[in-house]
Amino acid sequence: MKYPVLLFISLSLVFFLAWSSIAWSQAPREEAETTAQHLAVLLNVGRLIVDRNQTLINDPRKGDKGFSPEVFEHEVVNEFIRQTHMDLKHLPSHLPSLAKEVLPLLLQSSREVVADAQLVINQRGIGYKNFIPATFGSQAARKFSNHSHVKIKQTALNPRNLKNTPDAYEETALKRLATQPTSNTSVTDWIDNETTLRALTPIYYSKDCLACHGNPKGILDISGYPREGAQEGDLAGAISIQIPLKSQ
Amino acid sequence: MSVQSITRKLRHRLKESGPHGIVPLLIAFGLFLPGCGLIFDAVELVQPLTRDEMSAICSRGQLRVGISVEPFRPFVFPAVYTDEGVRVTGLDVELIREVADALTTYCGGEKPIVPTLHLTRFRDLFIEMNEGHLDLFVSSVGGNIPGARPVGLWFSIPYFHNGGIGAMIQRPEVAEKVRAQFEKQAGSPDTLAAIQSGLSGLIVAAQRGRTSHLYAEADLKNIRLLLCDSLPAAIEMRAPPIDVVVSTHAILDYVTKHVWPDWRLLTRNDGTPLVLTQESFSIVTVEEHRRLQWFLNNLLYRLEESGRLEHMRRRWLEEDYAPTRRAAMEGLPFEVSKVPEHYDQGQCRFATGR
Numbered sequence: 382m383k384y385p386v387l388l389f390i391s392l393s394l395v396f397f398l399a400w401s402s403i404a405w406s407q408a409p410r411e412e413a414e415t416t417a418q419h420l421a422v423l424l425n426v427g428r429l430i431v432d433r434n435q436t437l438i439n440d441p442r443k444g445d446k447g448f449s450p451e452v453f454e455h456e457v458v459n460e461f462i463r464q465t466h467m468d469l470k471h472l473p474s475h476l477p478s479l480a481k482e483v484l485p486l487l488l489q490s491s492r493e494v495v496a497d498a499q500l501v502i503n504q505r506g507i508g509y510k511n512f513i514p515a516t517f518g519s520q521a522a523r524k525f526s527n528h529s530h531v532k533i534k535q536t537a538l539n540p541r542n543l544k545n546t547p548d549a550y551e552e553t554a555l556k557r558l559a560t561q562p563t564s565n566t567s568v569t570d571w572i573d574n575e576t577t578l579r580a581l582t583p584i585y586y587s588k589d590c591l592a593c594h595g596n597p598k599g600i601l602d603i604s605g606y607p608r609e610g611a612q613e614g615d616l617a618g619a620i621s622i623q624i625p626l627k628s629q
Numbered sequence: 002m003s004v005q006s007i008t009r010k011l012r013h014r015l016k017e018s019g020p021h022g023i024v025p026l027l028i029a030f031g032l033f034l035p036g037c038g039l040i041f042d043a044v045e046l047v048q049p050l051t052r053d054e055m056s057a058i059c060s061r062g063q064l065r066v067g068i069s070v071e072p073f074r075p076f077v078f079p080a081v082y083t084d085e086g087v088r089v090t091g092l093d094v095e096l097i098r099e100v101a102d103a104l105t106t107y108c109g110g111e112k113p114i115v116p117t118l119h120l121t122r123f124r125d126l127f128i129e130m131n132e133g134h135l136d137l138f139v140s141s142v143g144g145n146i147p148g149a150r151p152v153g154l155w156f157s158i159p160y161f162h163n164g165g166i167g168a169m170i171q172r173p174e175v176a177e178k179v180r181a182q183f184e185k186q187a188g189s190p191d192t193l194a195a196i197q198s199g200l201s202g203l204i205v206a207a208q209r210g211r212t213s214h215l216y217a218e219a220d221l222k223n224i225r226l227l228l229c230d231s232l233p234a235a236i237e238m239r240a241p242p243i244d245v246v247v248s249t250h251a252i253l254d255y256v257t258k259h260v261w262p263d264w265r266l267l268t269r270n271d272g273t274p275l276v277l278t279q280e281s282f283s284i285v286t287v288e289e290h291r292r293l294q295w296f297l298n299n300l301l302y303r304l305e306e307s308g309r310l311e312h313m314r315r316r317w318l319e320e321d322y323a324p325t326r327r328a329a330m331e332g333l334p335f336e337v338s339k340v341p342e343h344y345d346q347g348q349c350r351f352a353t354g355r
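One line per chain: the protein sequences are A and B, in this order.
Using my numbering, read the first sequence as starting at 382 and increasing by one per residue.
Using my numbering, read the second sequence as starting at 2 and increasing by one per residue.
Wrong hints could be hidden among the right ones.
Taking lysine-lysine pairs in the DSS-like style, the calculated list, with each CA pair at most 25 Å apart, reads [as the list claims (entries may be wrong)]: (1) A/Lys-544 - A/Lys-532; (2) B/Lys-258 - A/Lys-443; (3) B/Lys-112 - A/Lys-544.
Keep in mind that the hints were calculated from the coordinates and are not lab data.
Quick caveat: nothing in here was measured; it's all calculated off a predicted structure.
Pulled out of the complex, with its shape left as it was, chain A reads as follows (with noise of 0.2 Å):
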């Protein structure tokens, strides 16, 4: 009677460190997941404020467009909150530490961005400027990189701008999004024994990308750049992240 008792409280024992063991290797890597996922959100939020603007920016005949950092960052909030129901400025508890670190990191990058381009856009007489989701999701996304362990880059299998060239991973994440129907999932994949998240979410070109990215493929476009000859909702590249789960 004794040794059965034992043997059971030793087995019980045995299975409840390894389960543990387990639920304290998972809990960061779905922390990493987690925050990977809010990020690519927020950068495209970013975007999509950009693109939203994008009449006013160019406006030649507007000096002052109001489109200040404060007004940015109110719109991305608020866009924030709409699609994934969470305040950038009161984050819930149940968040990852890491995501309440580095999300208002994200967001004072993106409104240090729109800080910078301010003569840029308050520029009258002049109409394209530049300034659209692309440039400001590349310096955002570099910004943010720079004071952070945690990677973004703004990634596509022929980009414009040879920095955002893929890496070996990217090209082979970006080649299977190119394959497979539109969909806002993200690839994610853990690299370097188990040590790296990578995690790659789609762009997919809308109808205003297409007068610079669509037909007729090859005739320049206004900022110079042959035209890819691409149709709506074709893949335009991905929000490539990547977080180092030691440096944690």
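We have chain A already, so just place chain B on it with the hints.
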């Protein structure tokens, strides 16, 4: 209070503050020494404290360059946003790169000399230069037009010649009026006389402070001169309607082709461009910077000799290109100084006292 009591108090304070208290006291005392400038002068003779402008640029690692915020396409394009941030580009910007590269070599090549562009209003460039905030400025500035060289500033040998002041119009009647004057001169052309008669009574706009303004003031007596803060301000002017805009011919040639298609260049009767007077552009620095002046002249001579300047001129004036893409590929970042937060191209006002 007697001198004795002051000395006593001072001794007491020194005792309290210890040996460290003496230093600030001596400095404070030294400041009131009459004739202390003589001591500095004597020290300078033994050990020069100031360096020449070239050594200063080398040790700073930066070349402080002024550039006009008013766009003078294709010399300076309006600032655009790129993946790398805000950038400015144009022929003048490419020339600044050349100067900075040559300075890097001059300074030993260990660390690159970074051009720091100070974007400011055209009229402020001269002030900034005189106040010592800039090493030089490059903003399609003509040095051979009478009145264009402010005292204390030095102009390099030209990096852009065969330019000159041109004119653009909207209404064909204006061109016909000028051409009629040329027709009267069959056999002995006199551009100035034809222009003076042809533009008589018309509203002519020029940018305030630029060489076209000086030309119009001096040579076009019978016009109604409208002075504008920038070229775009002149284009936007609706009341009164502008008959003619005078400015650098190369700039007008570019903007009539690429920016303001409603405007056209004023030409001679045979269709060749009408240049009102010749003008060449120079790099500007202060009169005292003799070493920098020789450096710039020698560099410009070498760039001309090697065909590099010609290549740059053709690249910006003749090739078909998108300035935004060039800004993204090769543009330079800049610091905004003395430019209002919301840059405005300004207004136009009739010249007074004519």
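Right, here's what the structure says about each hint:
Between A/Lys-544 and A/Lys-532 the alpha-carbon distance is near 14 Å, which keeps this suggested pair within the 25 Å criterion. Restraint check for B/Lys-258 and A/Lys-443: satisfied, since their Cα atoms lie roughly 24 Å apart, inside the 25 Å limit. Between B/Lys-112 and A/Lys-544 the alpha-carbon distance is near 24 Å, which keeps this suggested pair within the 25 Å criterion.
Violated hints for the displayed structure: none, as all numbered hints are satisfied.
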